[in-house]
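Enquirer: Listed below are the residues making up each chain.
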Amino acid sequence: MRRTAYRVLLLAVRGRRERGGPWGEAVLAEFDHVTSTGAALRWASGGLRVAFRERYSSHPARYRLAAMALATLAAVPFLVTVHYVPSHGMEPTIAVTSRHVLDQVAFRVTGIDHGDIVAFPVPDGPDDFQTLRRVIGLPGDRIECSEGRVLRDGAALDEPYLPSDAQVIGTECAAVTVPDGAIYVLGDNRDVAQDSRHWGVISENKVTGRVIV
Amino acid sequence: MPRTPHASPQTLRLFEALMKDPSTWRYGYDLSRETGLASGTLYPILMRLTEQALLEAGWEPSDQPGRPPRHTYRLTGDGIALAKVRIADAMARSSAKRAAGVSIVRPA
Numbered sequence: 001m002r003r004t005a006y007r008v009l010l011l012a013v014r015g016r017r018e019r020g021g022p023w024g025e026a027v028l029a030e031f032d033h034v035t036s037t038g039a040a041l042r043w044a045s046g047g048l049r050v051a052f053r054e055r056y057s058s059h060p061a062r063y064r065l066a067a068m069a070l071a072t073l074a075a076v077p078f079l080v081t082v083h084y085v086p087s088h089g090m091e092p093t094i095a096v097t098s099r100h101v102l103d104q105v106a107f108r109v110t111g112i113d114h115g116d117i118v119a120f121p122v123p124d125g126p127d128d129f130q131t132l133r134r135v136i137g138l139p140g141d142r143i144e145c146s147e148g149r150v151l152r153d154g155a156a157l158d159e160p161y162l163p164s165d166a167q168v169i170g171t172e173c174a175a176v177t178v179p180d181g182a183i184y185v186l187g188d189n190r191d192v193a194q195d196s197r198h199w200g201v202i203s204e205n206k207v208t209g210r211v212i213v
Numbered sequence: 001m002p003r004t005p006h007a008s009p010q011t012l013r014l015f016e017a018l019m020k021d022p023s024t025w026r027y028g029y030d031l032s033r034e035t036g037l038a039s040g041t042l043y044p045i046l047m048r049l050t051e052q053a054l055l056e057a058g059w060e061p062s063d064q065p066g067r068p069p070r071h072t073y074r075l076t077g078d079g080i081a082l083a084k085v086r087i088a089d090a091m092a093r094s095s096a097k098r099a100a101g102v103s104i105v106r107p108a
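Residue numbers (the UniProt record's numbering), protein chains in the order written: chain X, 1 to 213; chain H, 1 to 108.
Honestly, I wouldn't trust all of these hints.
Claimed, not checked - A few chain X residues that face chain H, going by a derived Cβ cut-off under 10 Å, partial list only:
no.: 1; residue: 24
no.: 2; residue: 27
no.: 3; residue: 29
no.: 4; residue: 31
no.: 5; residue: 45
no.: 6; residue: 47
no.: 7; residue: 49
no.: 8; residue: 50
no.: 9; residue: 61
no.: 10; residue: 65
no.: 11; residue: 97
no.: 12; residue: 204
What the hints assert, rightly or not - Going by beta-carbon spacing under 8 Å, a handful of chain X positions derived as facing chain H:
no.: 13; residue: 14
no.: 14; residue: 33
no.: 15; residue: 34
Worth flagging that the hints you see were computed from the coordinates, not collected in a lab.
Remember, predicted model here, so these are calculated numbers, not experimental data.
Virtual Cβ for every residue (Gly too), placed ideally from N, Cα, C.
Kindly generate the complete structure, drawing on both the sequences and the hints.
Expert: So, in C-alpha cells, the structure goes:
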C-alpha cells in the first residue's frame with residue numbers, strides 16, 4: 001500500500017524525467033519520514049496536488065485547455081442528447097430510424113419558436129417514449145384549418161416541408177386557441193402523424209428537447 | 001474589497017509554527033504535523049510564500065546515507081515582519097469578536 005502510494009507520487013512528480021520540480025521532489029523526500037500507512041497515503045494524495053500545481057504553473061495554458069476539454073466532456077451529456085426516431089410522423093423531414101441531436105437546455109433560455117421541432121413524451125404513451133413534432137402554435141395563437149391549409153391567426157402557413165401528397169390532400173383540424181404554457185404541434189407527415197389534432201395542445205413543460213441536427 | 005493576501009486560517013497556522021523559532025530551518029513533514037495541515041494544503045502555501053520571497057527554501061543532505069536530501073524552510077526578514085502583522089491582526093479580530101459575544105470555534 002505504502003509502496004504503491006510512493007510509486008504513484010513518484011510518477012506524478014517525475015513522469016518520464018530524471019527529476020521532477022523542486023516542490024514535488026520536496027514532498028517525495030519527506031515521504032520516508034511519514035510514520036503510519038494512513039498518514040503516508042494522505043501525504044501522497046496531497047503530494048499529487050502539489051505536483052499538479054507545480055506543473056500547472058509552468059504550463060498554465062496547456063492545463064487550462066485540458067480542464068476546459070474535461071469540463072465540456074462532462075457537461076455535454078446534460079446539454080444535448082441523441083434521439084432515435086421511431087415513427088413516420090415527421091417524414092420526409094425526419095426519416096424513421098434516423099438519429100438526431102437534441103438540445104436539452106438552450107431552448108429553455110431562448111424559448112421555443114414557430115417551426116422548431118421539439119421532443120416530448122407521447123401523451124397517451126409511457127413517459128420514456130418520446131416523439132418529435134413541429135411547433136405550429138405558441139400561446140395566444142389561433143390555429144384553424146381551412147381548405148386543407150393550416151391557418152395561424154387567420155393567415156395560411158407556407159409549409160414547404162410537407163410531403164407532396166399531404167400538400168394535395170391537405171390538413172384538417174379543429175380550431176383552437178393555444179392557452180398559456182402550451183404549444184400546438186403537428187407532424188410533417190399529416191396523413192399518418194398523431195399530433196395536436198388528436199392529443200390537443202401539449203404542455204410546454206413536457207418538452208424535453210429541440211432538434212439541432 | 002480585495003482579499004488580504006496570506007491571511008487564511010491555514011497560512012496563519014503556518015506562520016505561528018514558523019514564528020516559534022524563526023531562525024531555524026524546518027522540514028515540510030514536521031510543519032505538516034505541527035500545523036495539522038495536509039501536504040496538499042501546506043505545500044501550495046509554502047510555494048506561494050517562497051515565490052514572493054517571504055520564505056526561503058534550501059536543500060539539506062539527509063542524516064541517513066542513501067536517502068534523498070530534504071527541503072527546508074524558514075521565513076525571510078519580510079516574511080517575519082508579515083507574519084507578525086498577520087498574527088497580531090488575527091488576535092485583535094478574535095478578541096473583538098469575543099467582546100461582541102460571538103464565540104469562534106477553531107477546528108482542531
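Enquirer: Work down the list of hints and note, for each, if the structure agrees.
Expert: Here's how the hints hold up against the structure:
no.	hint	in the structure
1	24	holds (9 Å)
2	27	holds (6 Å)
3	29	holds (4 Å)
4	31	holds (8 Å)
5	45	holds (7 Å)
6	47	holds (5 Å)
7	49	holds (4 Å)
8	50	holds (4 Å)
9	61	violated (19 Å)
10	65	violated (22 Å)
11	97	violated (51 Å)
12	204	violated (44 Å)
13	14	violated (12 Å)
14	33	holds (5 Å)
15	34	holds (6 Å)
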